[in-house]
Amino acid sequence: MCSPRPSSNPRPNAFTIVELMVVITIIGILMAFLLPALGGARSAARLLEEQKQAKSIGEGFAAYAASHDFQKPLPGLVQRKPEMIGGTERYIEGRGQENGSLNDHGNMLSLCIMERLFDPVTTFSNVETNPNIYAFTEYDHNVYDPYPSPGTPGIFWDTGYSNNLNGGDCHNSYALLPLGGERRQLAWDRQAGSSFAILGTRGVTDGDEQNIKNSNTADFFGRNGQWRGVIIFGDGHAEVSENFWPVAAQYEEVDSSGASTFLPDNIYSAQTSAQGSWNSDPSLLGRDAYLTHVDEVEQNSDSPFNPRDITYTPMFD
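Following the numbering used here, the numbering of the sequence shown begins with 212 at its first residue and continues without gaps.
In short, the hints are calculated from the structure, not lab data.
Please note: incorrect hints may appear among the correct ones.
Subject to a maximum C-alpha distance of 20 Å in a straight line, what follows is the list of computed SDA-like cross-link-like pairs (lysine to any residue) [stated by the list, open to error]:
(1) LYS266 x SER254
(2) LYS424 x PRO342
(3) LYS292 x GLY305
(4) LYS266 x LYS424
(5) LYS263 x ASP330
Using the sequences and the hints, build the whole thing.
Right under this line is the structure:
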């Protein structure tokens, strides 16, 4: 039996150079279509995660308010000023005047963590780019002591938690409403409405778009050099905004006759001044939403019975 005649031109098993170039070209074309789509999907996933995280902080505030006469967390109402009892200063939980000098953002968030409204990692954004901001993973719940020795205030939060945005150690990524002035009366001491922002992605100094390119918050969710952020409002709803004037954000301006006008709100700029008798800077105590970082607060000594009359320095990066 004759064996088959071998082919005079056997075909090699490997790709030819031409075939290989065709395959590489096809892969390159596919990648050109797929990579932007994958990048967009990752960006959308990060934004969704940020919304969930920011909303959980707002939900923590709401949960606290539900059992505290609709008032959101205030450290100065938990660790109050001492009372004179029998000629002796006594710190008694739930008694005494509010200590407005304790109402900074670090104390407030740490109080929430101690109350287990959310954990320390929740206040650190997964898209954070500022190297001075990091998750506080060593929170000590065991420091809690509401009944210390006489003459000593109770301990209701871990003071190791910091909100010092410009000081090298900060454990919070989110801008918040300062706990003072008219805006506190409108949105913190009671239930705020759907047009009042209470927390969100950090903005820039004075809410001025010209400062965006130099900010750590540029590129969080937007394109290169673009600001885009998540805003949480008083009713708990979240809004993604590509500017500092969210669609839902409005503030009420009241003129000398008492007539009200509702105006668009730049939530990273203090646009109104407090009316009436205030001893601290009224331009930082107005009735519009104003989201920033506050590390230290001082209740004005000339307003010993008004814990909302505070001095603070707004911080941005």
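>> Tell me the hint numbers this structure goes against, listed in increasing order.
In response: 4
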